[in-house]
Amino acid sequence: MTIENKTLARFRLPFWQRLTDWAPTGIGIIFGYSVLFILYFPIVMLMLLSFSGDPLTGIPGDWTITWYEDVIFADIAQRDGEAYGSNFRVGDPLLLSIMLAFITSILCVIAVLIVGPVLPRIKWRGPFLVGFLMPLMIPGIVGGVGLFMWYRLVIHVKMGIWSLVVAHFVWAFPFALLAMLVVASRFDTRLMEAAEDLGAKPWQRFWQIEMPILKPGIYAAGFFGFLLSFNELPFSIFMRAGQDTLPLYLWIQSGAHNTTVPLIYAMSTIITVGSIGLTFLAIKLAFGGGQNDVRQ
Amino acid sequence: MTSDNNIAPGAPSPGRSEVLSVEHATHQFGSLVAVDDVSITAGRGEFLTLLGESGSGKTTLLRLIAGLERPTKIGGISIEGQDVAALPASRRNCTTVFQHYALFPHMSVGQNIEYGLRVRGISQSERRERAIEALNLVRLPDKYDRRVHQLSGGERQRISLARALVTRPAILLLDEPLGALDEKLRVDMQVELLDLHKKLGITFIYVTHSQEEALTMSDRIILMRSGNIVQEGPPTDLFDRPRNRFVADFMGVENLIEGALEAVSGEHASVRVGEHMLSGMWSGGDVPAAGTKVCVAVRAERVRLSNAAATNGQEDGVNRLPCQSGATIYKGKYVDRTLDCDIGPVKARIWDRDADIADLASLWWRTDECAVTKIEGS
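Residue numbers (this note's numbering), protein chains in the order written: chain L, 1 to 296; chain H, 1 to 378.
There may be inaccurate statements among the hints.
Claimed, not checked - A short, non-exhaustive set of chain H residues, derived as facing chain L with CB atoms under 10 Å:
id: 1; residue: L68
id: 2; residue: P88
id: 3; residue: S90
id: 4; residue: R91
id: 5; residue: T95
id: 6; residue: T96
id: 7; residue: A102
id: 8; residue: H106
id: 9; residue: G116
id: 10; residue: R118
id: 11; residue: A164
It should be emphasised that the hints constitute simulated quantities derived from the structure, not laboratory data.
Quick caveat, the model's predicted, so the values are computed rather than measured.
The beta-carbon is built from N, C-alpha and C at its ideal position, and this holds for glycine as well.
Given the sequences, and given the hints that come with them, work out the whole structure.
Encoded structure:
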């Protein structure tokens, strides 16, 4: 009875209001799947093409791992002083990027360990937080140009790996800080008092109470530092000074030589799989096993 | 107040040695004086309660003893004769049971209890042994491997107690430990705490705002108000001999009748209230001049009803007032009756239904069952 009344009532409504009635089930489903498709289709295609014999046609097929061999062996051949088919040399940029990501990650962890536990408890935390998070809202290109002008034109220092480290840290720190604050803002400082009361010295309180409880935040900060640095392009363009990071190298290669495009597909697939693997590892480390349950 | 004064009623008996002495402690938060020149002592094995409303400074005083708060000014503080004024909390031989438990969420129950031993570098096997011993003490023998979030509130409080006791401190500080528990559990825990206190012989310093808790558990109560000690002594002292109106009110005296002091002779004071002369036990300390406003404090359960008319002349050992029946409130175990007298309403608590009188003419109470005390000051 009530269902009939409702159905009848709906038909008396103007069509746009009737639309919202079925939209959640109809349009919603189509829209949702479209987004997923737009997101993942290119990545899946890229992976398929990286195993295809003639990837530049855009049609997967004729399966082969020759592009992967090229990516890997070209560098080994170069290292051994032998000539090799393509001039795609990903080894140095890859090493540089991993090194940068590692340094950025460690810097983020240290900075976030210093700032994170204190920030939620100081008087001017609002303005400080805004200040720390502002770089998030500055476009990478603007930040890169700004840093470039500052170092080259104002204080006249030479760019190098150090400038890439600075830029990557500036870029990754706000994300790392946010990840840490999620944990740190819930940290109950009374636990530190309880530990002190039980006889723990300052370093014991830090290592045995504060660090373990903040552990998920520390892992998350390190993980963000690593991935954001590893994927960073806009800052690197301005701060590289002759050094090519991996994203930078792939970007240059994809614009320059048609013959290396299949290698970029292969390299991108490796990076994607590596990133996903790292993400799962980080999540497992931070929250795995229920050992770090911070609820009380 | 100096420590000499404390030897009077309620101070630790001379046989007991002093385990804690705080002299002239003052603590300020900005311009707010939380503890104002307070001196206290505690004897070995004593159950001492710091009683007061929130903001009276009792918790701050406890934190000063624990070392979690650095006093603004202090004459001296010693635990077991050792001067600890300069020592941080981690090196003082006392531990705290917090109202909010403060159990470490990333550790198991066993690890929590062992923590105080772990930071002292005691071996794994001895730690475990002592932790299990402590768990038995708080009657949770099977919880060693549990995680903290699997425990109920009452269990957490016991674990927190075990954690504080396992290091065998000279003084156990308890900061409203039962405040977060429900009524029934609180009563059970009171009994358990008393048992533990008896069994261990450790000095307990217990902070609470509940006069009922303080009365049940303490050897001695220190009642605080806005950073000062208002009265200290055994529970019976505070209950029956309040030093001023505030103490009487805080300890739950229902009838506080103001009048002018007529005279004090020996222990007895007589007070003029309207046309009546009331007398009671003088408990206000130094005797003020006649005519000063004082307060007659009488508990509702001491007030009795009678059908005899009040005579104008004074009866020996009895205060009697003519009255009329007023409102009655049924409370289950007893009945509270508000009686209209010419000096204002007086509350009577009637436990025995047979004692409730229909043709009521007067009410009376024994003079030695009521206190006459000051309005202000200590």
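- Item | Numbers of unmet hints, in rising order | Hint check: nothing fails, all pass.
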